[in-house]
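> Here the structure of chain G is known, so what remains is to put chain V in place on it, guided by the hints.
These protein sequence lines map, in sequence, to chains G and V.
So for the first sequence, the numbering used here puts the first residue at 75; every next one is plus one.
So for the second sequence, the numbering used here puts the first residue at 296; every next one is plus one.
A hint or two may mislead.
[To be verified] Estimated spans, in silico, between C-beta atoms of each pair:
1. V/E332 with G/M75: 31 to 41 Å
2. V/K456 with G/Q88: 52 to 62 Å
3. G/E330 with V/L432: 48 to 58 Å
4. V/V336 with G/Y277: 42 to 52 Å
5. G/Y277 with V/E554: 47 to 57 Å
[Claimed, not checked] Listed next, the stretches of chain V that the computed footprint assigns to chain G, with coverage defined by at least 3 CB atoms under 8 Å from CB atoms of chain G:
6. 320-334
7. 465-474
8. 482-496
9. 574-588
10. 592-603
[To be verified] Listed next, the stretches of chain G that the computed footprint assigns to chain V, with coverage defined by at least 3 CB atoms under 8 Å from CB atoms of chain V:
11. 197-205
12. 253-259
Honestly, the hints are just simulated from the structure, not real lab data.
Backbone N, C-alpha and C fix where the C-beta goes; we use that ideal spot for every residue, glycine too.
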Amino acid sequence: MSRIENCFKQLKSQDKKAFIPYLTAGDPNLNTSLNLMHALVKAGADIIELGFPFSDPSSDGPVIQWAVERSLAQHTTLKDVLTLVKDFRKEDQNTPVVLMGYLNPIECMGYQRFAEDAEEAGVDGVLVVDMPPEESQELLQVIHRSKLDCIFLVAPTTNESRAKQICELSSGYVYYVSLKGVTGASHLDIDSVRINANRLKSYCELPIGIGFGIKDAETATKLGELADAIVVGSALVNLIAELEDKHEYSREELFEHISLMADMRTALDDN
Amino acid sequence: MSELINDQLYDGPDEHGHFGVYGGIFVGETLMPALDELNRVYAKLKQDKAFWEEFHNDLAHYVGRPSPLYHAKGMTKALGGAQIYLKREDLNHTGAHKVNNTIGQALLAKAMGKTRIIAETGAGQHGVATATVAARLGLECHVFMGSEDTKRQAANVYRMKLLGATVVEVDSGSKTLKDAMNEAMRDWATNVDTTYYIIGTVAGPHPYPMLVRDFQSVIGQETKQQSLEQCGRLPDSLVACVGGGSNAIGLFYPFLKDEAVKMIGVEAGGLGLDTGKHAAPLNTGAPGVLHGNRTYLMNDDDGQILETHSVSAGLDYPGVGPEHSWLKDIKRAEYTAVTDAEALDAFRFLTSHEGIIPALESSHAIAYAIKTAPELPEDHLMVINLSGRGDKDMHTIAEIDGINV
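One chain only, chain V, in its complex shape:
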């Protein structure tokens, strides 16, 4: 890799939010000034030491960071290959990595004097993490969620309501995450003066992919330090599931310049990549424009966005963060997919071998390790981002087992 690319990686995106040809700002004119304002406020706060001190203080005392880097000896032994380490984002307050971002964006909302927070959510983890910070700061909160997802993630809907948020069921289109995002953008255009939109992943118009990445990169920063402390060196490979891609970019970003560290993003293969019923745009899609940015998408020949399928609501999205599209094209990261069935097997595998019940999203990353770790040497250090815990998925798993809980 040339030094030029390395510098671009480190500095990306450019001032207009482009990662190579990806990213950018593709929204209706009404929102352009709001994005410009957000960009200016963030650019200023990014240089502000006090802002980051407050962020890290919240992460330490409210979220419970740093999260452990755990040597999963049971899993390692069972697979008989690479040493498996789990970055325990599942131990965060609210149960996933999502809260790292909502803490950061809530500070931005506060700095901008906004009184009302909106968010979209798929599995409900980002919705819960948003409702949580809104409750803490006493801000009005509306969470948009596809009506398909409110059904399969009923417990999270209830959690958001307990936290004082209004959950708005979205009945248009495929009734999942992408439609929730459409509705959130409509709400934002309507209430742009008072409202801060907390996007939950590294997608959307600039500056969201950048600022969400910056907040999530605490995952990779800690991992780097922990790996050096515990193993005396950097990991050989990093593995994370990719829906929109925020937990993956959070882990990858601080390692981008460490060329020896391999990075693998695992998309939702659903019923199989050849069935069309999956959510794997980086594996099967083509570049296009959706939700404010240019990125790999799943669309038909006429540019209509396809309905996706995944057993995990959090990965059920037809696009992906633009920085991942860029990392794929320049071959700094590789992207693969595992099926629903493989993810479900991985869910049970980790539960029985380590006593850790992973989220179905994170189970995709575990599944990749199960497939590849046995072939790797015993001195290979593999870090898997365990992005969330599986409590929210109890109903889905029980239903598959034919049990009514």
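The following block holds chain G by itself, in its conformation from the complex:
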């Protein structure tokens, strides 16, 4: 059983939802990212989505674009991000880590080497934002030979027959994009998310995570009711944006700084 599958199984037995924060690796630097990952686990993260930077993040809103620019200003590479996961695994062998980003850095590294190195580093899943199922065969072949899960997106625009195919191709969980738009948008319509999430649940055998536009504990509670997991990106990245790249932060300091994450976790559980 993969670490992701196991995580959802455990949570289900406790009747809990998964809390999945997203951060961009290398923002503001790799050392702080490592401490942030541990602080996030302490704040109640069940799975961490770790963004690897790409210069042209055309599915992301300004908050994550700026995070990527800060990370690239530090010359963070995909290889560095794999090393970061390796360092994280020295202390944490339980929390699944999902790499999230765009295809070109993976193409440049080579699919085979990427899958091998990611698995060896302790990565559990991969989500490639600009790789729809139609273009995924080659990478999937390689991933299926590894222990990695491959997570795909379902959007509000996706029709049912297409969504079914996506659920079949995915492993680990399926990521439901809660709105038409980019990450960090603010026009979330909970009623329409409810309708679409319920429909998706009726035929998707995998756990469903909902993301895009979850900014506060209240929204986390509402969307948590509709799915197996919530993904919080821009709200966390906004807090990370306040950190300075030159400063060394202790895990305690970072835990305090991102207290919104612990609040969201609590709100999700109180539900």
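Below, chain V alone, put in the same frame as chain G:
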């Protein structure tokens, strides 16, 4: 070349938008259904005689086509070699070949019932051509343009505003065409129900490279007919500048099966290919994925897209249309580059020898002819796509001359 390749060339891309290993659809899931819809609507209209009649009627009476194929005797004489013919896309309404595509895509938008148009632009020519068709059809129009480009193409920004478009300055990344395209894709994902995205070149996710090529191939179709009428035969070589590559593919495509016709695409060599400061992915890059398709790109060892440089904003792009990548690999077309300095010399050369002020983009194709035509025999027919006129570049040239206009 085998017949198989010839058939693939003629029929390309495949149903998933692949030209060999290039092209395809690489976008976030939100946009997939919109691209599927566009693909279905276009596949239907492509077979619809009335659609093409309307397209060609607009091209004739609104754009002013056919554009002339002009025997540039002054230039030919000065170079003393090949006979130079200029395909005069500069004479089109709005001053460049870009309008051929926006006329066609506006008809698609209308057929799909979209009320809002968006576009990205580099030099501003595609932005102007989009704002023009939007004004004509009474559609809301937003044009995304890098803040570097709004500075160097201020006149075109003003033209778009006069035409009623909202020009959105893009301040992220390198603040040029690629960033404008990122922003347009973000807008499209957000407003996908109401909005039609008019991509300005033969790049982007399928079906854009195909449909933009189809609309632009009027250039090559006319050239073929005009060459037969005026010279009694097909040209020996075709020359066009390549940024995204829409004017080049427009000229090349109808000649792909005419194997004797040589095709040369000219990329922006900037300060020189060895300086890294250029925009010549086909000459120096490697295949990768950007803006919805797999193609030759300029990126670093980690797959990060490099900032490009060209004196011409319209060529300042790190990728290229996937069909060009394919034509390069199968060696049906060859791709070379000329520097900023060579393009600027060519700009002045054509202006003084022919009384035609070319766009800086098109000046790259002229520069290639200046370099190679003297070595060719006098019966060699060379057609250069004069893709746009230079009015928009007056400020850039004047600044180089130290003149404030």
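> Determine for every hint whether it applies to the structure shown.
Verification of the hints:
{"no.": "1", "hint": "V/E332 with G/M75: 31 to 41 Å", "result": "holds, 40 Å"}
{"no.": "2", "hint": "V/K456 with G/Q88: 52 to 62 Å", "result": "holds, 59 Å"}
{"no.": "3", "hint": "G/E330 with V/L432: 48 to 58 Å", "result": "holds, 56 Å"}
{"no.": "4", "hint": "V/V336 with G/Y277: 42 to 52 Å", "result": "violated, 28 Å"}
{"no.": "5", "hint": "G/Y277 with V/E554: 47 to 57 Å", "result": "holds, 52 Å"}
{"no.": "6", "hint": "320-334", "result": "holds (count 10)"}
{"no.": "7", "hint": "465-474", "result": "holds (count 4)"}
{"no.": "8", "hint": "482-496", "result": "holds (count 5)"}
{"no.": "9", "hint": "574-588", "result": "holds (count 6)"}
{"no.": "10", "hint": "592-603", "result": "holds (count 7)"}
{"no.": "11", "hint": "197-205", "result": "holds (count 3)"}
{"no.": "12", "hint": "253-259", "result": "holds (count 4)"}
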